[in-house]
Amino acid sequence: MTRGVALLPVFAISGALAYAQDADLEARLSALEESVSASASSYVDNSYLFLIGGIIVMLMAAGFLCLEVGLVRSKNAAMQSMKNVLLYSIAGLMFWVVGYNMAYPGESIMGLVGTTPGPWAPPPLDQSHGDYAASSDWFFQMVFVATAASIVSGTVAERVKLWGFLAFTAVLTAFIYPIVVSWEWGGGYLDSEWAFSDFAGSTLVHSVGGWAALMGAIIIGPRTGKYFGKQIHPMPGSNIPLAGLGTFLLWFGWFGFNGASELAAGGIQSINDVAAIFANTNMAAVGGVLAATVTTAVLYKGKVDATMVFNGAIGGLVSITAEPLAPSMGASVLIGAVGGVLVVVSVPLLDKFKIDDVVGAIPAHLVCGIWGTLIVAASYGNHVMPVEIEGELQTSYFGQLVGVLLTGVFVSVASVIVWMALKVTIGIRATEEEEMAGMDVSEVGIEAYPDFTNA
Amino acid sequence: MTRGVALLPVFAISGALAYAQDADLEARLSALEESVSASASSYVDNSYLFLIGGIIVMLMAAGFLCLEVGLVRSKNAAMQSMKNVLLYSIAGLMFWVVGYNMAYPGESIMGLVGTTPGPWAPPPLDQSHGDYAASSDWFFQMVFVATAASIVSGTVAERVKLWGFLAFTAVLTAFIYPIVVSWEWGGGYLDSEWAFSDFAGSTLVHSVGGWAALMGAIIIGPRTGKYFGKQIHPMPGSNIPLAGLGTFLLWFGWFGFNGASELAAGGIQSINDVAAIFANTNMAAVGGVLAATVTTAVLYKGKVDATMVFNGAIGGLVSITAEPLAPSMGASVLIGAVGGVLVVVSVPLLDKFKIDDVVGAIPAHLVCGIWGTLIVAASYGNHVMPVEIEGELQTSYFGQLVGVLLTGVFVSVASVIVWMALKVTIGIRATEEEEMAGMDVSEVGIEAYPDFTNA
Amino acid sequence: MTRGVALLPVFAISGALAYAQDADLEARLSALEESVSASASSYVDNSYLFLIGGIIVMLMAAGFLCLEVGLVRSKNAAMQSMKNVLLYSIAGLMFWVVGYNMAYPGESIMGLVGTTPGPWAPPPLDQSHGDYAASSDWFFQMVFVATAASIVSGTVAERVKLWGFLAFTAVLTAFIYPIVVSWEWGGGYLDSEWAFSDFAGSTLVHSVGGWAALMGAIIIGPRTGKYFGKQIHPMPGSNIPLAGLGTFLLWFGWFGFNGASELAAGGIQSINDVAAIFANTNMAAVGGVLAATVTTAVLYKGKVDATMVFNGAIGGLVSITAEPLAPSMGASVLIGAVGGVLVVVSVPLLDKFKIDDVVGAIPAHLVCGIWGTLIVAASYGNHVMPVEIEGELQTSYFGQLVGVLLTGVFVSVASVIVWMALKVTIGIRATEEEEMAGMDVSEVGIEAYPDFTNA
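Residue numbers (the UniProt record's numbering), protein chains in the order written: chain A, 1 to 455; chain B, 1 to 455; chain C, 1 to 455.
There could be a bad hint or two in this list.
Since the list gives no way to pick out one identical chain from another, each pair is judged satisfied if it fits inside one copy or across any two copies.
[As the list claims (entries may be wrong)] Restricting the straight-line Cα-Cα distance to at most 25 Å, the calculated cross-link-like pairs of lysine to any residue (SDA-like) are:
1. 226 to 441
2. 303 to 224
3. 352 to 231
4. 303 to 409
5. 230 to 219
6. 303 to 432
7. 352 to 224
8. 354 to 110
9. 226 to 447
10. 423 to 435
11. 423 to 397
12. 301 to 427
13. 303 to 446
14. 423 to 302
15. 303 to 435
16. 303 to 423
17. 226 to 387
18. 352 to 394
19. 301 to 434
20. 423 to 346
21. 230 to 374
22. 301 to 436
Bear in mind the hints are in silico, worked out from the structure with no lab data behind them.
Bound-form chain A, shown alone:
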């Protein structure tokens, strides 16, 4: 097959015509209609949004890798790198095999569980099915489920066993996440009964990952030596610059995460919306960073903990994700700033309960995910309780809370069942000897940094 020969004719329209008559006009009009129809510009623009948005969300997997590897100790860094590549792979496989059709079911039981699972396949490629390429939508949805899985990976790092973790990831991405998504983006229970609103997934993606991570942290238990009595033994991350790079990669990917969740870009309103989402998303991250910086400087007498700054960015981004379009730029800064503060104050709170979250994922994704979801109601008339206005159910604080709680209860219960089942079967926790040696030696067989580790 030769390359360099494009497949579509460009518009070739004779500009000058001698005289106007019906037959001629008709011919020109037909040609133009065909031309416009073939160019399919809004179909292409919408698909581009999914494809470009999708690949930059895919790059968030690299961002999570960098952030998490940077925040674990060097003896677990090879394991953490590998685990992030593996979870992205498993998420993709399971979302194809069963997840997508669970999330967007043809039929469901009371809007709660889809009944038509099975592998997803694209419709014929030579025609349109809706307003964008079907595979571009599948691809975009798939990278979202990978994000949810990445969140768990960071929290349970440094002591989870590889195969146990991968098995949990498979269930999370095949069933747990897709079922929650079906309630809302799939048009199910939360959408129809509560007018629940979650633009790009503060609850559906980030809290889902956060709840699963929280249950994992509790059931697996803290790293050996982390807590003794009331003392907390610090276990500093081994590569802060890599964590900084990861933060920027996540920030970068978030423009796709939120921006492409507009789901269309082929018209003036939709592209204006996408652009406004980009600006708001950036401002919320800015708010998160600066609020976390000031909070940590106040709490720690002028010193600024870099890991808090990085997690402040993530917290701000998660906070705006439920509604990145409606707020003003100033409101976006504030929403993100509250997220940044929440991150800094939640970290010691988890330690108090001896919940060992290695990278601070629970504060950033779960706590900020809840905050971001609740505050959505402020953008839709500040209704405390759901009311109907002109026959349409309104988004409300209570409706948002219902969504948060229902998601929390379901994901927690499901995660506990799966983590416990894995605990009593293939095992989820490394032995103390394995943990002391490091997961790299125990599970990977190679060291992350063999030439320069002193630890």
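Once you have looked at the hints, place chains B and C on chain A.
Only chains B and C this time, still in chain A's reference frame:
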């Protein structure tokens, strides 16, 4: 809100019509007009250029992080990572609060200083205001100001105090950079009086950052122990591979930096231009790399200093930024190559004056920024002095020089004032003890690489 | 030049018209025709595909840098970083100077060697020449040649001399790669005589790099101390997390590599195709990762070698590159999975022959490139031998094999000649002393990680 339902109808045009009559033709024509109008394809294409260009320029922030962190010593690497996240955040905030409206003022005093600052807000999202989404333009301009701020960060690394640096960044991004931009891209003095030409910011972005960095380096002074008598104590960067990755991330981002500065992509000419800019930008970087490589090999007896190679790429890219469209591909190689040589010969020159530029940002951004700006006149008829041809003022070497000097004088004076004011108030320089301990211990409270630092 | 004024008028169409008459209809039709013609939406969409695809393939250069630097020992990491920046630069220069016109020749001798080499230059920018911007095509083709060159770099790492390697790169990118490309994408011998099919370059890019690397590894010889008698001395990579990041960057870039090789995106069919390629490309990588993981776990008693997981992803991606569109998603998983297994079993095979491939590039790029190319015939009617159906030559297993063998013979012979010529002139192998000291000290003059290397 459900997901998966797009917002725009696709073109639904009845292809076959039985007979042609005026009423029917009129209806079809109207439908087509609406269709084309709604598809707004060039509006979308232009906005996409800003949005995609914007996010890849945003990724340059990650590139600067990697390059700069790689070139500082390990005891300052956490600080440098954090500082780069913070400066990007402050730049975004200040450019929203005041910078954008200073750079593109409604009214100004003699084209020199805008008089209508204040926060920027997008116009209503349901209609067009010009040829692209307003927020996409804001976003694209915002990532440019962040670039200027990143340049300063590298030069003054390893001894600047965190809060002093952040305060300088705030003033730079709120006022100093926007005022210079208003002279040219805002249609002010340099544009109207001198036909000054700077396509994507060799002077407006890179030299602005470079002058501010130079003043900072002089006022803050060199790192303790760097110079004693005529001897120069080498302080090698701690992570050369990270610097290499940073170089490629910057190179990648530069396609957005220069390409999207075309400001339009919705027509044949404009997309041809964008494509040519991509090719030329790449060739200039190639020229910079290869010229720096040969120069360093000649100077250092066959050995090739990797940091010179990386800075050669940056130097080549900065050199082509003032005019990446008009030169041929061969001319682009040459323009970049001169930049690469300039980088290699400028580094020892700075050392001679005991100006301590930790990452070599002044050679790459300031020296090459000047070179790139002056050589623009070669693409516009080689006029030495400004002349009018057919009523239009021509770009000239002298006019370019005026822009370079005016920018240099203004940014230098403003920077000196700000650096000095900060010096006598909150302080800009760490104590010798803090510096010896490393900024990570002194200001961040955590080490960058706690598991494997020997230093 | 001011900024913020776009160059193209938006559609300004009077929506309401009082009465329909021919003259009026004609005027409206003409305006609309002009509008549609100027908007050139499919021309822009196609060019965007090349430009966006091109820059993300460009980022694969950063991915190779990370992967290769992570897999060499720390004493060679600065050299490896620098070499990757240099080879990308040389590839760009040579492909401009001679390569592009060799790959897509106006005239050729029997479809084998073009006879009109010379520098490439874009046609006038104010008009269209085909269905996309010419420079966008040049740019996209250029980043492909850089990919081929990157493959060689990893295999011969840690003992090749800098200038010898760069000289080889120049010949590879100016002549060897372009000549092979001309046979197929340039419409030459393999395309016309054998209906050889290689969508995005399993053979044309990856095998070409692989054969050149294999010949280099043989001629340069293994690293000192790697093999003694039947024993293999492991020389573990020094930065596994960086290799993990590199894997994700390559995976990311592959969406451009395969997706943009559709060469068009401006219509429903073409954008559907691009989207399906994205999904299939991801699934093949998933298959490669998971198959390599299971294989390595079985072979190494439960431990999973991270480097095999990473190379499994690359192997899966290379395998699907020859035909990423026609297979179903499930078939893509399988094609990639076979690639992942091939990687794991090929690594020890090379060691058996004492062929020292530092990063495992030959298994991933050459072995999987051959596999991916052969299996293409399964997507085109499973013809064993080439047959004509309705006057058109069909893709067949034998035809694919001919392409694989012809490429292998030509690239191997050419590479041997060039490597040998360099060996007897400027030299390609460092002395044992230089090698022991590390290439960083010997050739670069700076260390990659001066603060924390123990080795």
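Here's how the hints hold up against the structure:
no., hint, result
1, 226 to 441, "both (20 Å within a copy, 22 Å between copies)"
2, 303 to 224, "between (28 Å within a copy, 22 Å between copies)"
3, 352 to 231, "within (10 Å within a copy, 53 Å between copies)"
4, 303 to 409, "neither (38 Å within a copy, 36 Å between copies)"
5, 230 to 219, "within (20 Å within a copy, 48 Å between copies)"
6, 303 to 432, "between (34 Å within a copy, 18 Å between copies)"
7, 352 to 224, "within (16 Å within a copy, 42 Å between copies)"
8, 354 to 110, "neither (39 Å within a copy, 64 Å between copies)"
9, 226 to 447, "both (22 Å within a copy, 19 Å between copies)"
10, 423 to 435, "within (17 Å within a copy, 49 Å between copies)"
11, 423 to 397, "neither (38 Å within a copy, 49 Å between copies)"
12, 301 to 427, "between (43 Å within a copy, 17 Å between copies)"
13, 303 to 446, "between (36 Å within a copy, 9 Å between copies)"
14, 423 to 302, "between (44 Å within a copy, 18 Å between copies)"
15, 303 to 435, "between (31 Å within a copy, 15 Å between copies)"
16, 303 to 423, "between (41 Å within a copy, 19 Å between copies)"
17, 226 to 387, "neither (49 Å within a copy, 69 Å between copies)"
18, 352 to 394, "neither (39 Å within a copy, 69 Å between copies)"
19, 301 to 434, "between (38 Å within a copy, 16 Å between copies)"
20, 423 to 346, "neither (28 Å within a copy, 36 Å between copies)"
21, 230 to 374, "neither (34 Å within a copy, 64 Å between copies)"
22, 301 to 436, "between (33 Å within a copy, 21 Å between copies)"
Hint compliance for this structure: hints 4, 8, 11, 17, 18, 20, 21 are not met, and every other hint is.
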